[in-house]
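Starting from the two chains in their separate frames, assemble the complex, guided by the hints.
If you read the sequences in order, they're chains A and B.
Take the first sequence: its position 188, counted from the start at 1, is 188 in this note's numbering, and no numbers get skipped.
Take the second sequence: its position 57, counted from the start at 1, is 57 in this note's numbering, and no numbers get skipped.
I should point out that these hints are in silico values taken from the structure, not numbers from a laboratory.
Certain hints may be false.
[Stated by the list, open to error] Cβ pair distances, simulated, as ranges:
hint : chain 1 : residue 1 : chain 2 : residue 2 : range
1    : A       : 192       : B       : 32        : 27 to 35 Å
2    : B       : 30        : A       : 126       : 21 to 29 Å
3    : B       : 8         : A       : 213       : 28 to 36 Å
4    : B       : 32        : A       : 233       : 21 to 29 Å
5    : B       : 92        : A       : 76        : 40 to 48 Å
6    : B       : 99        : A       : 170       : 31 to 39 Å
7    : B       : 57        : A       : 170       : 13 to 21 Å
8    : A       : 24        : B       : 63        : 29 to 37 Å
9    : A       : 190       : B       : 3         : 40 to 48 Å
10   : B       : 3         : A       : 237       : 54 to 62 Å
11   : A       : 194       : B       : 74        : 32 to 40 Å
12   : B       : 38        : A       : 206       : 22 to 30 Å
[Claimed, not checked] Facing chain B, according to a computed beta carbon distance under 8 Å, are these residues of chain A, among others:
hint : residue
13   : 24
14   : 52
15   : 56
16   : 66
17   : 78
18   : 121
19   : 124
20   : 181
21   : 186
22   : 197
23   : 205
24   : 209
25   : 224
26   : 227
27   : 232
28   : 235
Fair warning: this is a prediction, and the values are worked out from it, not measured in the lab.
All C-beta atoms, glycine included, are put in the ideal place defined by N, C-alpha and C.
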Amino acid sequence: MLKHLSSKPSARAAFLEGVKTMLPLVLPFAAYAFVTGMAMTKVLSPAAAIAMTMLVYAASSQLAALPLIAAHLPMWTIFFSAISVNLRFTIFSAAMQPRFGTLPFWRRLVLGYLNGDVAYVLFSKRYSAQQPTTTENSAEHEGYFFGVALCNWFFWQIASICGVLFGQQIPASWDIGFAGTLALLAITIPLLVDAAGVLAMLAAAAMCLVGLDWPYRLNIVAAVFAATIVGVTIDCYFPHRTGMKNKIDNDTNIGNK
Amino acid sequence: MSNDTHIWIIIIGMTLVTIITRSLFLIMGTTVNISPTVQRALRFAPAATLIALILPSVVTLNHALTTTSINPVTNPKFAACIVAGVVFFYTRHMMLMIGVGMTLYTLLRFFAA
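With the rest of the complex left out, here is chain B (with noise of 0.2 Å):
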């Protein structure tokens, strides 16, 4: 098997398995009854991802947990983050929190190199 013919069965693999654990639920109609408890259990799971999709890219410096990178004085994108999110706590004004924390990522690296 080419190596081309490999990436392209990866591909459609993986777009079998998106599709089927994305819609697992739904494809399965009203053959599953969801109680009342079970939806409001779910009502964590989006604030959660977001958390754990966020964090370890955030705290994490080349990938490991050190104390340097949990520290936000040395970790630039962790003292970005904290400011940029205290910006939006109080504004609720998007492209300005983006702004400053980039803006301060960005001063805050070239200052430390």
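Chain A extracted, bound-state conformation (with noise of 0.2 Å):
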């Protein structure tokens, strides 16, 4: 994988770039690792803790998970709960789909492995809906991703160690899992860049305590189906305010040919 993106240039440098926007992140998601690392000793071994943040590497559905094997819940629920908590990374894969559905199997594998949050909110960020993937620069943008993802990885996976073996030594009062809700607050504000954007974040935020008290995490799902139906209203009916309106017109002229 790295061996292939390496043989050229432009995947390299956009690895690279990666790794540089993925950096700054890294000390306050660490911090939230550390935390999660602490909060699975709780009910986990050491050694079953450090597998399961090296092998599931999903902190949400990790954290939703440990109080149903506290319970001793049978395993469907943790499975179920597994699923409806991970089902924005199934959106997310939609998405990757037009990019990267044609890369060798294991290599969308991997992909999808570490397609997590924060990897794939800053891919989408960098290359838009309006720069498709296409055989030219499909290097390029998988090396991206890579950059970001394997970056992100690497210092979720040690700091989610420090914090199985070490989280005792920090008082949970400190709460220094909060740089982390810090982090995705300044990944978020960039993102809110047009009228629809906003309009389909205030949706989300409506819908996700709205539903806060259902089962499984579900209203994270609800949130981004409430977030996608307000903004695509917006789209049809307000294509001048979103600059999506000659993105539209093209679409309709290929359509035509």
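Now the structure itself:
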């Protein structure tokens, strides 16, 4: 995978750009990873906690699983919870498919394993829907994704394992995980660029609070649907306000040919 | 089945579930065709996800939405997020924003206690 990418200078440059984009976020997310590792030791043995962070590598579904494991609930509830909490990634994978659907199977699988919130958000910000992946730039786009995602993965694992091993040294009352929340906020703000986006996010905000007590954190995927419905509606009725008009006209022309 | 085996089956199962959900459309490869309209609609997903991850942890206290928790004056976390958000909006400086947010959060809790 990396050997394949390193043979192309544009892919190598994009990989390094991805790493550089990720580096400032490493420290606050390390705090969040540390807290996640710490939380796991309350339910799991250190070995199981480290295995979970390395293999599952999905903080939100790991944290959702912990109370279910502690309560000795049937296994299927834990897997169902993981599916539900991960549904947003399935939506992300639909956006990745037109870009990377033709790559060899195992590379698509690795892309999927690394397709977490931060990696996908940064990737979709760098390469928007108006910049499709073609055969010429495929290696570059893949390089950027791997740059962000591997950098994120590497430091996340170190911090999470440190949390498992040394979590008890830091008082829970410090709430260092809040740094991770702030870092998420920092990557959200630049995404709110147009009226459709802002209104869509208000819909997401309302929906995630309405669904606060829903089981399996279904409010996350409900928020994504609410935002999409509101955003698409605004795109359709006020295309001139959202910068989508030219794009829609172009697509219509392609359709007419 | 021992408790240990039980945990390992859960970890392996969660690993498979996570990889499949995260790569579902990717592993379907070229058998599915995502239209440009759908691709444009998907652009709202990343920010909506982030909001849904951030907001419930910020505007609740002890996992409950109350008049105390949605008031920044009485919820240090919410107040710190608003100030940090404004700092980031104007400076685009992340470490400054996180420094301000963490400091304010700590101070507000200290004085509230």
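Taking the hints in turn, this is what the structure says about them:
no., hint, result
1, A:192 x B:32: 27 to 35 Å, "30 Å, holds"
2, B:30 x A:126: 21 to 29 Å, "24 Å, holds"
3, B:8 x A:213: 28 to 36 Å, "32 Å, holds"
4, B:32 x A:233: 21 to 29 Å, "25 Å, holds"
5, B:92 x A:76: 40 to 48 Å, "45 Å, holds"
6, B:99 x A:170: 31 to 39 Å, "18 Å, violated"
7, B:57 x A:170: 13 to 21 Å, "19 Å, holds"
8, A:24 x B:63: 29 to 37 Å, "31 Å, holds"
9, A:190 x B:3: 40 to 48 Å, "46 Å, holds"
10, B:3 x A:237: 54 to 62 Å, "57 Å, holds"
11, A:194 x B:74: 32 to 40 Å, "34 Å, holds"
12, B:38 x A:206: 22 to 30 Å, "24 Å, holds"
13, 24, "5 Å, holds"
14, 52, "5 Å, holds"
15, 56, "5 Å, holds"
16, 66, "11 Å, violated"
17, 78, "6 Å, holds"
18, 121, "4 Å, holds"
19, 124, "5 Å, holds"
20, 181, "6 Å, holds"
21, 186, "5 Å, holds"
22, 197, "6 Å, holds"
23, 205, "5 Å, holds"
24, 209, "6 Å, holds"
25, 224, "5 Å, holds"
26, 227, "4 Å, holds"
27, 232, "5 Å, holds"
28, 235, "7 Å, holds"
Hint violations for this structure: numbers 6 and 16, all remaining hints satisfied.
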